[in-house]
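Protein chains: 2
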Amino acid sequence: MFPRSFFLQLIEKDFSEFSDFLKSANDEEVRQLLAELHPADIADIVENCEEEEQTRLMALLNNSQAAEVLSLVEEHLKSDVVEAISEEKLPEIIDEMDSDDATDILEELPEKEAKEILDAMPTEESAPVRQLLSYEEDSAGGLMQTELVSVHPDTKLFEAAEKVRKESEKVRNVGNLYVVNAEGVFKGMVPIQALVLEDPQKSVAEVMKTDYFFVDVNQDQEKVAEIFRKYDLISLPVVDQQHKLLGRITIDDIVDVIQEEAREDIYRMAGVDVEEHVADSAMRSIRLRFPWLLFNLGTAILASLVVSFFESTIQQVVLLAVFMPIVAGMGGNAGTQSLAVITRGLALGELNFANAKRALFKESLSGFLNGILMGLIMGGITYFWSGNSVLAMVLGLAMVANMLIANFTGAAIPLLLKWIKVDPALASGVIVTTFTDIMGFLAFLGLATVFLKYLLP
Amino acid sequence: MFPRSFFLQLIEKDFSEFSDFLKSANDEEVRQLLAELHPADIADIVENCEEEEQTRLMALLNNSQAAEVLSLVEEHLKSDVVEAISEEKLPEIIDEMDSDDATDILEELPEKEAKEILDAMPTEESAPVRQLLSYEEDSAGGLMQTELVSVHPDTKLFEAAEKVRKESEKVRNVGNLYVVNAEGVFKGMVPIQALVLEDPQKSVAEVMKTDYFFVDVNQDQEKVAEIFRKYDLISLPVVDQQHKLLGRITIDDIVDVIQEEAREDIYRMAGVDVEEHVADSAMRSIRLRFPWLLFNLGTAILASLVVSFFESTIQQVVLLAVFMPIVAGMGGNAGTQSLAVITRGLALGELNFANAKRALFKESLSGFLNGILMGLIMGGITYFWSGNSVLAMVLGLAMVANMLIANFTGAAIPLLLKWIKVDPALASGVIVTTFTDIMGFLAFLGLATVFLKYLLP
Chain A
710 MFPRSFFLQL
720 IEKDFSEFSD
730 FLKSANDEEV
740 RQLLAELHPA
750 DIADIVENCE
760 EEEQTRLMAL
770 LNNSQAAEVL
780 SLVEEHLKSD
790 VVEAISEEKL
800 PEIIDEMDSD
810 DATDILEELP
820 EKEAKEILDA
830 MPTEESAPVR
840 QLLSYEEDSA
850 GGLMQTELVS
860 VHPDTKLFEA
870 AEKVRKESEK
880 VRNVGNLYVV
890 NAEGVFKGMV
900 PIQALVLEDP
910 QKSVAEVMKT
920 DYFFVDVNQD
930 QEKVAEIFRK
940 YDLISLPVVD
950 QQHKLLGRIT
960 IDDIVDVIQE
970 EAREDIYRMA
980 GVDVEEHVAD
990 SAMRSIRLRF
1000 PWLLFNLGTA
1010 ILASLVVSFF
1020 ESTIQQVVLL
1030 AVFMPIVAGM
1040 GGNAGTQSLA
1050 VITRGLALGE
1060 LNFANAKRAL
1070 FKESLSGFLN
1080 GILMGLIMGG
1090 ITYFWSGNSV
1100 LAMVLGLAMV
1110 ANMLIANFTG
1120 AAIPLLLKWI
1130 KVDPALASGV
1140 IVTTFTDIMG
1150 FLAFLGLATV
1160 FLKYLLP
Chain B
710 MFPRSFFLQL
720 IEKDFSEFSD
730 FLKSANDEEV
740 RQLLAELHPA
750 DIADIVENCE
760 EEEQTRLMAL
770 LNNSQAAEVL
780 SLVEEHLKSD
790 VVEAISEEKL
800 PEIIDEMDSD
810 DATDILEELP
820 EKEAKEILDA
830 MPTEESAPVR
840 QLLSYEEDSA
850 GGLMQTELVS
860 VHPDTKLFEA
870 AEKVRKESEK
880 VRNVGNLYVV
890 NAEGVFKGMV
900 PIQALVLEDP
910 QKSVAEVMKT
920 DYFFVDVNQD
930 QEKVAEIFRK
940 YDLISLPVVD
950 QQHKLLGRIT
960 IDDIVDVIQE
970 EAREDIYRMA
980 GVDVEEHVAD
990 SAMRSIRLRF
1000 PWLLFNLGTA
1010 ILASLVVSFF
1020 ESTIQQVVLL
1030 AVFMPIVAGM
1040 GGNAGTQSLA
1050 VITRGLALGE
1060 LNFANAKRAL
1070 FKESLSGFLN
1080 GILMGLIMGG
1090 ITYFWSGNSV
1100 LAMVLGLAMV
1110 ANMLIANFTG
1120 AAIPLLLKWI
1130 KVDPALASGV
1140 IVTTFTDIMG
1150 FLAFLGLATV
1160 FLKYLLP
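Going down the list, the sequences are from chains A and B. Quick note on my numbering: the first sequence kicks off at 710 and runs consecutively. Quick note on my numbering: the second sequence kicks off at 710 and runs consecutively.
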């Protein structure tokens, strides 16, 4: 009914054709279309619908479709979609979901409602979800699912294959088989292709990889993502302190973590709340941005206070007001460059305290040397503009000083925040530019005041 | 020899212990250690070594180890590591690599050297690499590898399993079997677990998924990453215009693409060359940052030219020089917020031309309304500071105007760049802050000039 071109439209997020269809079609027609679409496409459509259409679409999906769609809806829109589902259907749908996805949904719901749903689920389904709800959202425990195929080391491979067959309905994307002993302790891993490649009479212990990676359930999700990235993993077992297997994390969740962390870095450098999304209403944007702007206003006033100390100097040489923004601005740019490189280096794990000193020195040096270059250029321009060699020198020197300080600050602040265990991207952008504004004004207007008698027309 | 704590040290990038070991150990001891380490850890060590140690380590690895290590070394360090390998060993090592990794290496080498290596390789190995070299680096063709297991629809599953066994040495991580007809046209996909789950007497045609995704070989890598992310894929077939199967892309390469794209977005917003890395030398940083800073200097001079038009106004009311940076700075902040949200929305595919108009309107509205709030606050502060109600009004109005313009510009510029098919993150940061500086000075000082007689002390 909808050909491949429709799939392309979905990738392009052009929902106009679909929206027209939805208005004119009866329930049976819509149901037929939904049966032909990928759950990820349905999720996309639902995300872009009005409330009323959302309710209709979610009602027309069967439970297993609805479970998949709900698990694929963007994090920040999940609670909207949950509200579009009837109260009777919701527990059944959550029951159908993988444990990690069900946990994500229940975390979005009011506690009372979450409890009611858990109580309505069969214990074998609700127990793992209750367990998962106890872990921090941004830890390995918050990412993992309990659905996996585990085997004992003594199991023969043909028996393991039998177990995969039995459990394949509950465990989507089996991937690896996890080897645990009688106490549930993680012993190693058998990739599913071993069941095809190896002699079925061999035991699991004979073919398992024992040097496989694992993470502690409380490990931070950024670290987990780093391990996935470094070792090119598809899935990773999660263990407790006693090395007992608790669950597994799969690469699709890690891709989301990486995207999310990158967005946070960009947002925080720009002073945007991490909760904001491009599809938010204007009112929500205004509310979320207001505190950041207010904080910025405070820092801007601080910088202008510095300028106010030098009112009488500016009064006498008004040209200083013309050049003043250049010194501050160039410092801000240099500092932001430093900040971006260091923040990204920290995020990708390329930088840590072992090589921090070198990075700090390098940033300061490059700020200083680029400062000299910019100072020379701008000093030259100023000399031609004003004919005043002292003004040119004051401007050049202020530029060198400010760019050196800017690069040092741009590197030092994220490292410092990391050291005191605050997210290194947090507000660094605002702090760095405030600092370079203040130091820029101070250096330029301060030097100008010292050499004032040579600057007077 | 090196216990798990050593693995943790590697994750923390603390190489001091290893470096001491390397200095005192003889070749045999080093070789033994290398045999126990994961190639990704060896790659990490090699990246952090001096040239001399790199040469020694690469010489002590056997060819298949060296091939894996080389493929795992960070993109920008590959050419250094290649130089650390002896000329005789290099063709053998490249011969051992997967086709996509071999292509990445040959792209780094001078054309003449690459040609020599290709000529020295057996044709069956060099032909696919030659083919891959012909695609754009940041297209699907530039990401794909030719190693995969393909089967005909009529093949029985037990025969397919036999084929997997035969090819498993050449094809790492088989993952899915790709179904192609006699002409090589892509028909569908069989997940490897089907070989375990299904009756071995069934044919491939009976169990294959025909609604599977694929991409054109010239598709941009950002789009490819979006498809992976949206549909939670592990691998994706690549086809040509005639729908013939050319290769496959695997998720580990996509994780790298996502990281790389995020870094590019951050760098470009901050005005940093995408080629720069945190481990670069100071000289390289200076060289890479210089053009950006020079461009910034140009834009800063432009802004200060605007100020210079109003020299006589400032001369009369020097307090304007004090407040001037606040108006410009707040515009810069608001514009950067807008820019971050829109750029990220474009990168994640949440935003496109279909919903761009709405986003543009929303950004302008929130700039306007937050401008009113900030204008009222700052107007109030100015009134208390200076006791001049006209100055307070001028400042407040300029702030509203500049924040409205800032948000509009912050949203419009990346959309415009996307529309004319320039990377939307490119230089947007610099352009937006230049624009807000100019408009801020113009609005504030312009209004002040109009109302000058009310501002005079």
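FYI, nobody ran anything at the bench for these hints, they're computed from the structure. Treat each hint with caution, since some may be false.
Since the list gives no way to pick one copy over another, a pair counts as held whenever it fits inside one copy or between any two copies.
BS3-like, lysine-lysine: derived pairs with alpha carbons at most 25 Å apart [claimed, not checked]:
#: 1; residue 1: K732; residue 2: K1066
#: 2; residue 1: K798; residue 2: K875
#: 3; residue 1: K1066; residue 2: K872
#: 4; residue 1: K932; residue 2: K865
#: 5; residue 1: K911; residue 2: K872
#: 6; residue 1: K798; residue 2: K787
#: 7; residue 1: K939; residue 2: K879
Checked hints:
Taking identical chains as interchangeable, the C-alpha atoms of K732 and K1066 lie at most 25 Å apart only when they sit on different chains, with a minimum of 23 Å there against 63 Å within one chain. For the identical chains of this complex, K798 and K875 are neighbours neither inside a copy (27 Å) nor across copies (49 Å), given an alpha-carbon limit of 25 Å. Taking the closest pair of Cα atoms, K1066 and K872 never come within 25 Å of each other, the shortest separation being 53 Å inside a single copy and 54 Å across copies. Proximity of K932 to K865 under the C-alpha cut-off of 25 Å is found in neither arrangement, the shortest distances being 35 Å within a copy and 43 Å between copies.
Taking the shortest alpha-carbon separations for K911 and K872, both the intra-copy value of 15 Å and the inter-copy value of 20 Å come in at or below 25 Å. In this assembly of identical chains, K798 and K787 lie within 25 Å of each other by CA distance solely inside one copy; the values are 16 Å within and 55 Å between copies. Proximity of K939 and K879 under a CA criterion of 25 Å is satisfied inter-copy only: 22 Å between copies versus 30 Å inside one chain copy.
Hint check: violations occur at hints 2, 3 and 4; the rest are consistent with the structure.
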